[in-house]
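Note that the protein sequences, when read in sequence, are chains A and B. Per the working numbering, the first sequence starts with residue 21, numbered consecutively. Per the working numbering, the second sequence starts with residue 128, numbered consecutively.
Honestly, the hints are just simulated from the structure, not real lab data. One or more of the hints may lead you astray.
Lysine-lysine pairs mimicking DSS-like chemistry, simulated, CA-CA at most 30 Å apart [stated by the list, open to error]: (1) A:K176 x B:K474; (2) A:K521 x A:K510; (3) B:K374 x A:K103; (4) B:K374 x A:K186; (5) A:K176 x B:K506.
Reference listing, derived: stretches of chain B covered by chain A, where coverage requires no fewer than 3 residues with Cβ under 8 Å from a Cβ of chain A [said to hold, decoys possible]: (6) 332-343; (7) 498-507.
All C-beta atoms, glycine included, are put in the ideal place defined by N, C-alpha and C.
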Amino acid sequence: MFNKFTHHFRRDCHLCRRTRRLFSSKAGANNQWNSVVGLEVHAQINTTSKLFSGASTKFSAPVNANVALFDCAIPGTLPVLNKKCVEFGVLTALALNCRINPVSTFDRKHYFYADLPAGYQITQQRHPLANDGRLEFQVFSPGVHKAPYKRQVRIKQLQLEQDSGKSLHDTDRSLVDLNRAGVPLMEVVFEPDLSDGEEAAALVKELIAILQRLGTCSCKMEEGALRVDANVSINRQGEALGVRTEIKNIGSVRGVAGAIRYEIERQIQVKESGGAVENETRAWDALGKVTVSMRDKEQVQDYRYMPEPNLPPLHVAMGPVSQGCVSVDSLKSSLPELPEGTRVRLRESSGLTLEQSIILVNDSSLLNLFEDVWRAKKIEGKLLANLLINEYTSILNKMDLEPSQFSFNSDYFGEIAVLLQNGEITRNTVKLVLDEIIQGSTKRPLEIVREKNWLQITDEDALRQLCQEALDQNEKVVKQYKGGKTKVFKALLGYVATKSKQRADMKKCDKILKELLNKQ
Amino acid sequence: MDKVLNSNIKTAFHLLNEGKIAATDLIKASLEKAQRLNKYNAFVTITNNEAKKQSEESVSRYDTKKPRSQLDGIPVAIKDNFCTCGIRTTCGSEMLRNFTPTYNSTVYERLRNSGAVLIGKTNLDQFAMGSGTVDSIFGPTKNHWGFTEEQFHISGGSSGGSAVAVATGMCFAAIGSDTGGSTRNPASYCGLVGLKPTYGLVSRHGLIPLVNSMDVPGILTRYVDDCVSVLNTVAGFDPKDSTSLTKPYKSIKLPSANKLSIKNLKVGIPDEYHCEHLNSEILQTWNEIATFLHENGATVKPVSMPHTEYSIVCYSILNQCEVASNMARYDGVEFGFRAKENSSTEKLFATSRSLGFNEVVRNRILTGNYFLLTRNYDKYFNKALKVRRLILQDFDNVWEQVQVLLTPTTLTTAPLYKDFAQKTNREQCALQDYCTQPANMAGIPAVTIPVKLSSNGMPISLQLMGRNLSEPMLLAVAKFIENAVQFKHKTI
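Could you put together the complete structure from these sequences and hints?
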């Protein structure tokens, strides 16, 4: 997959570092290419009824159950704008630092498709609800980046529009489900200010955190409540932007990173082998981990936009006036703390590291657990965050659970953290207790620890006895150690740990062992 | 009972209210008459069962002295492009030949709630695209004025069925729609009062659209007072139509004719409506009424509306663009005509649409889509919008000088079908809509009122236009003229 040059650069660390500095590209190994990424996100507005009709938006309703006459384009029906959608659109636009337009309008976008009953989609093409936003976010994928860095992306526009229905193609027939037809969407169009898939994924995570905080979108990507289209192009440094491809409907955050990474590499391969990148729409095959051309479906379309004559211009009230559909000022004052604010607060008042604050804010269930425990118990922030990010998450991972899929009693979690902080249990015991509770135990952590005799051994004499035994039983190792091979010290520690069933206070043991060794 | 049918709503209501006639008998007579006069082809569907049921309910309300309104038990007809729950609504087209809506248009809902009885759905040009009611799949509607077994005059359109139903006395009032003159044109040809209300005053919910930004439900009656009764019933804010006016509607009450005065009324005669195709008898009638108004104390003066001549071409572009868009929903999937075509979805769309629409509709769709192409949008659609604003400005300027405009409604009296049918739809509309269509561009109210008969015995009508929401004044002036000219209706 990597080209010749990359190999060369990779082998030579000095050069590698130099190139990184020379090129702003974050395209990883493909240093000589610059990659440009822009996103368009469709977020389903979290309302109970549709954008222009009273039909329900409930997910997983029986096929064609959520369909008002308007949604199947019955002649003579007219759109009536759902005010809640406007409120949520404005709230989101405010959170994305957009300029709210006091007057916006709706347009019809025409194309024929069986799941688009009217033959057009009502959207806001010419005068959207909001323009010109910007969003700062942290890029940090542990394992990919050593340290977090900041990125800023501009938002071109935020518009309200209808979703289409769903076509199901059988071998000999096609079926149409209109439950989704007319469901309200916010389309957020970002400027192509990103360089790679990781940045795009980080942006989507940040957007999800914001929308969930506002409650304007459930962001359940598995239900299609948030869908991402990515525009990708590559060019050589200093040259004009390359031809872009559009990857449609990416359905997960990891998919965003994966699809864009793949697409950048694919485009590099095409160009390096003398080919030309085609301006086309592609789809992300999440199983095969490749993007595939959708050429057959996508002819060049003229959408023949036309102002929607059945909806008067949408007025939103700016300043202390009450005319218009919704008041921007009162919505502004109702904005909750946004993710960036939370990260700063976590660092400043809870003493977390930047990395910890990023990880917690990216996962609202971890964050909520942190905040609940933090409020209730006097625990060092870093220790608590570490417990959540490391021990707790790894146990959930082992059981194939996401933090959002398990609700851990915050009182119990606090108790575990206190036990650890006071040195009454070891980190290893923490895992055992967490495991017990996640497996279904309803007992309090302290009770479990006592019952199982898991309290940490901190008694000096007991520890000394354990350490002595370690030396006695490992004469060979002791000899090696004395001979200057100090690395083997770990083996002695290991013996103590195993012997005590991981209950020994290892800090103390470290000290005692060294004392004993020096004495001998 | 036919005598009652040929009277006015007030008379019929008094008879019903005093128990001198029963609603069931009145409706029965109305239905029978509609059946008997089916040679004029006014109706697509006569709603016998619904009408009988509704009239029985009306009887029981009169029995308990609780009629819902003056319209309780009064037979009315509705153009077949208004959705009526459980009653097929065809738009005169193959596409909707078997379409039965599951909901009521607001106009019908309000009429029903007032006790009015629907006797049928009236004929129209396909999707209301026409000015003759000659393009329906159910055949042309025939004007009873000047009718012989050998030849007939067109009823005008596209609400021709509604016009003939009222003019012959099958019912007292009918609902039409008016996008470029579709209510006023047939009213004029059939000698009726025809009102195009201010845009947004009467809900469009359930009216199958032609041009959303110009469509309004219209009212056809023989008498101005009847028109007022119907308007008072159907007008007012409707949350189901986002373009309907939120201002509460105030019922119109006109004084009796002998108490009306037009003293100091400022009447404008727009120069530009003296167009070259204007028939001399109509011009003469126009002058007579202008003189009559002047003699009765009004100030009559010429005004200029320089953009009138561009109105038709501008209208034609906007019309075709909206038609292209509005007709996109007819693809044979959810409702309407579906061709027997299974090879592909695209093929199904194409075949259903080419078989379901007539040539007029297909032409407008094609042209409209051409105008809306990204490369043409500014050249046509946007330019038409600009011209529309200029036309609006013409009206705004005129309202600085006068309160009401007096113009012809149509350039000629109803043409013979054989002459009319020789012209293309475009020529037909361009000529017939000349005087009526600017009011739709501006959204203002306009009413046509029959004045007299031409030398060959066909009705000649004139049009009054006023500023937005000036219906009370317009209808009062119309009633003043009505009282003076004493037009003889030709009910059968």
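These are the hints, each one checked on the structure:
1. A:K176 x B:K474: Not satisfied, since the Cα-Cα distance of roughly 38 Å exceeds 30 Å.
2. A:K521 x A:K510: 16 Å, holds
3. B:K374 x A:K103: 20 Å, holds
4. B:K374 x A:K186: With Cα atoms ~40 Å apart, K374 (chain B) and K186 (chain A) exceed 30 Å; violated.
5. A:K176 x B:K506: Roughly 27 Å separates the two Cα atoms, so the pair holds.
6. 332-343: holds (count 8)
7. 498-507: Since three or more residues must qualify, the claim that chain A covers the segment 498-507 of chain B holds, with 4 doing so at under 8 Å.
Violated hints, listed in ascending order, are 1, 4; each of the other numbered hints is respected by the structure.
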